[in-house]
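Read off the chains here:
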Amino acid sequence: MQMYATELMGAETYDDSGNFVGRIREFFIEPAEQASRVSHFLLSRGRFPPLLARHDQVAAIAPGTMRLNCSERLLELYSPNEAWLAVRKDLLDQQIIDTKGRKVVRVNDVDLTEQQNEKNVELRLTQVDVGLPGAVRRLLQGVVSPALIRKLQSKLPQRTIRWEFVNLVEPDPLRRVKLRISHEKLEDLHPADLAEIIEELSTAERHGIIASLDEETAGAVLAELDKRLTTQIVEKLDPEKAAEILEEMSPDDAAHLLAQLSKETSEELLDEMPGMEAEEVRELLAFDPSSAGGLMNPDFIFVGEQSTRDEVLQWMRSQDLNLDRLDTVVLLDNAAHYSGSVPTSRLLLASPDQPVAEMRTEPLLSVPSDADESDVFELFDKYNLRTLTVVDAENRPIGIIAVDDVVSRLVQK
Amino acid sequence: MNWAQISERVEGLKARGSDLQSRLRSLRRRLTLLLAVVGPGLITSNVDNDAGGISVYTQAGAQYGYALLWSLIPMTIALYVTEEMCARMGVVTGKGLSDLIREEFGFRPTFFVMVCGFFVDLANVVAEFAGVAASMQIFGVSKYIAVPIAAVVVWVLVLRGNYRQVEIVFLAACLLYLSYVFSAIFAKPDWLEAARHTVIPTLHFDSSYLVMLTGLIGTTIAPWQFFYLQASFVEKKVSPRQYPQARADVLLGSISCMAIVFFIIVCTAATLYASGQRNITDAAEAAKALIPLAGRWAGVLFGFGLLNASLFAASILPLSTAHVICEGLGFEAGIDHKFKEAPIFYWLYTILIAVGAGIVLLPHAPLWKILIFSQVGNGIWLPVVVIFILLLVNRRALMGEYVNTLTFNIIAWVTAIAMIVLTLVLTYTTIFPRTISTP
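Residue numbers (our numbering), protein chains in the order written: chain A, 1 to 413; chain B, 1 to 439.
Hint data in this document are derived by calculation from the structure and do not stem from the laboratory.
Glycine included, each C-beta is placed from N, C-alpha and C at the ideal position.
You may find that some hints are simply not true.
[Claimed, not checked] In silico EDC-like cross-links for lysine to aspartate or glutamate, where the CA-CA straight-line distance does not exceed 16 angstroms:
no.	chain 1	residue 1	chain 2	residue 2
1	A	K227	B	E104
2	B	K237	A	E248
3	A	K89	B	E235
[Claimed, not checked] To give a feel for the contact side, a few chain B residues facing chain A, derived at Cβ under 10 angstroms:
no.	residue
4	G94
5	K95
6	D99
7	F105
8	G106
9	V238
10	F304
11	E327
12	E332
[Unchecked claim] Covered stretches of chain A, as calculated for chain B (at least 3 residues, CB under 8 angstroms):
no.	segment
13	133-139
14	198-204
15	221-231
Using the sequences provided together with the hints, build the complete structure.
Written out as structure tokens, the structure is:
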């Protein structure tokens with residue numbers, strides 16, 4: 001039968017010989033054992049110390065009453081345990097992340113279902129209620145009859161989340177380990193969705209989540225997050241961890257982030273990063289943020305203009321390239337000067353030994369690194385560009401601006 | 001003077017100059033840090049000088065002249081102490097007041113707080129629209145034109161903007177309160193006398209003086225402002241490191257709020273009280289009475305101040321209320337959501353404005369009674385909210401090192417108890433006016 005935590009709170013409990021023991025005050029789940037089974041019931045007994053009933057000591061449970069299959073004397077005294085998840089304290093009224101619906105919600109009630117074993121009855125947590133029925137139940141429980149509540153709630157729209165899609169938010173890292181809270185499910189979300197979720201949480205919860213994500217996801221999330229939060233989070237992270245996250249980010253995102261930090265912090269983090277990456281980011285930081293150099297990404301693909309399509313493709317396959325940056329191939333002439341660019345879509349349709357030089361887009365466009373960002377936006381608009389190459393004073397390509405960089409800069413304005 | 005002396009002087013001056021320069025630089029740095037945070041405290045405290053408040057300040061000045069000015073200093077402290085706790089909670093926990101009540105006290109207390117809050121706030125919204133109606137009547141605009149336009153403007157303005165834009169509009173509205181400063185200057189008051197009464201308390205023990213005193217306090221500190229203040233700091237994503245700046249913002253807000261009250265009382269004291277027109281019942285009437293006494297501009301500015309205050313509060317109150325209720329009860333909230341995603345939020349918001357403006361438009365609307373009801377509501381409601389705040393801010397699990405210190409707790413509880421006693425007295429005397437008015 002389907003039951004709700006609210007209906008069971010306060011249930012009168014009797015032992016095997018029918019003696020009154022106490023009232024249920026709390027349910028505990030032991031995630032280290034089983035993720036959804038109610039492992040212990042806290043029984044309060046007025047002025048006497050509270051007792052604990054284990055799951056295998058329960059004979060029957062229904063709204064309002066619970067029967068044990070043993071004597072009261074066999075129950076142990078209650079002592080708090082950090083490794084147990086308390087339904088009332090840790091779940092009810094708290095915020096959780098709905099990994100399927102990709103948002104933060106507040107728990108109104110918890111749905112439980114009973115499972116009949118040989119000698120005992122187990123309760124399993126099936127879903128959390130975040131909608132009106134749960135709210136109505138919380139409000140009216142004990143005020144009007146349970147039958148009336150059930151009738152009322154059946155008319156209301158349901159909003160529940162299955163327990164396996166629930167991601168708890170626990171800011172304390174030690175408790176998180178004890179409760180076996182992993183953020184694997186969060187890592188599967190799109191970084192932009194995850195960033196939106198994190199923005200809704202409290203300061204401590206945000207830090208908790210970012211610190212426990214893998215560096216790659218954390219980096220992608222930081223790049224999407226509200227700027228004011230990014231600086232707060234990075235400043236609070238362990239510098240080593242922060243440097244690892246920065247290393248996983250694309251150099252332009254890393255540079256944007258570092259530019260918002262204080263000089264000392266940003267220097268400290270750069271020192272923690274490996275030489276190559278740090279150097280790249282340092283070079284980007286030297287550009288004015290509102291210039292073409294401040295917009296570009298120095299990660300790009302360049303080939304000699306005499307190569308053929310197949311040579312280029314073979315070379316690209318042999319490299320470990322970042323897929324996000326595969327939009328354009330930049331061409332160089334013999335003196336390593338910029339001589340044009342080829343969209344990868346053109347490579348797809350060309351014949352195997354066609355020289356890439358024939359595929360380059362007309363007109364030949366590039367911007368100097370000190371060009372103002374408004375000039376860049378104008379070029380993108382005028383020529384419907386997807387990428388634009390940035391060159392230095394000697395006309396050597398030093399980076400690429402992609403349309404997504406332009407869009408996010410324009411949205412920020 | 002010999003050369004050595006001269007060069008010594010020059011060196012000294014140079015050192016002073018560079019010292020000054022570095023001090024200026026650090027001042028500028030601190031100012032930038034402050035400006036990044038400033039807003040919520042300033043806005044909240046100023047919204048507090050709403051239509052109901054201005055009416056009471058007007059009466060205080062008209063009936064007692066400068067005699068009540070001394071109460072402004074203790075009131076500034078009370079306002080600061082209570083607001084600071086909310087600012088601290090918002091900054092430290094990153095959560096709104098209704099969120100915290102829900103998480104720490106459970107569903108039923110939250111529901112109770114939200115339902116009561118809704119009705120008290122609704123009464124306040126009606127009072128704000130009544131303020132719009134009254135101030136526009138000074139300018140000869142019928143309420144049947146002014147109020148619907150105001151309602152639509154408020155509804156659209158807030159729904160179209162994001163927090164940053166709205167904050168800028170609101171900060172500009174704060175500046176418009178300065179119209180009361182000019183009104184006061186036009187009234188040519190006796191500044192020395194006003195200053196003396198601000199510092200030296202004048203105590204009368206007749207009952208109507210006490211009623212006016214409690215009225216002043218009751219309207220200055222409104223319960224809904226705590227929810228709004230905390231939510232603004234959360235929304236602005238102010239971090240615990242910026243807490244000193246947040247505190248400065250709250251202090252700035254409390255002082256500027258009280259400064260405006262000072263000028264309103266001074267203005268009416270210098271004119272209405274001095275000329276014997278002591279039975280003024282509301283701000284609009286006062287604005288009209290000011291014209292023959294202090295000139296057209298004093299009256300117009302006074303009326304304009306009332307319009308600004310009413311519109312300002314009418315834009316913030318419904319939004320804040322809808323937000324707080326939805327957050328506490330777990331519904332989607334916020335103007336970033338579409339109507340379909342957050343229907344309850346938008347309905348609450350719309351109902352508050354429509355009903356608020358609608359009641360004012362009823363042909364024989366008992367506006368005076370509604371104004372009283374909103375003040376009584378605030379009075380009964382304030383103690384409950386302040387006690388919740390004090391309980392929350394003292395939870396170490398929530399606030400960590402930022403819990404109240406003992407000294408602060410003593411000040412806060414004394415303030416709270418004084419406020420509770422005074423507002424209960426005010427509530428009692430508004431409901432049963434006869435029992436007090438017989439000397």
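**Q.** Violated hints - listed by number, lowest first
**A.** Of the numbered hints, 1, 2, 3, 10 do not hold.
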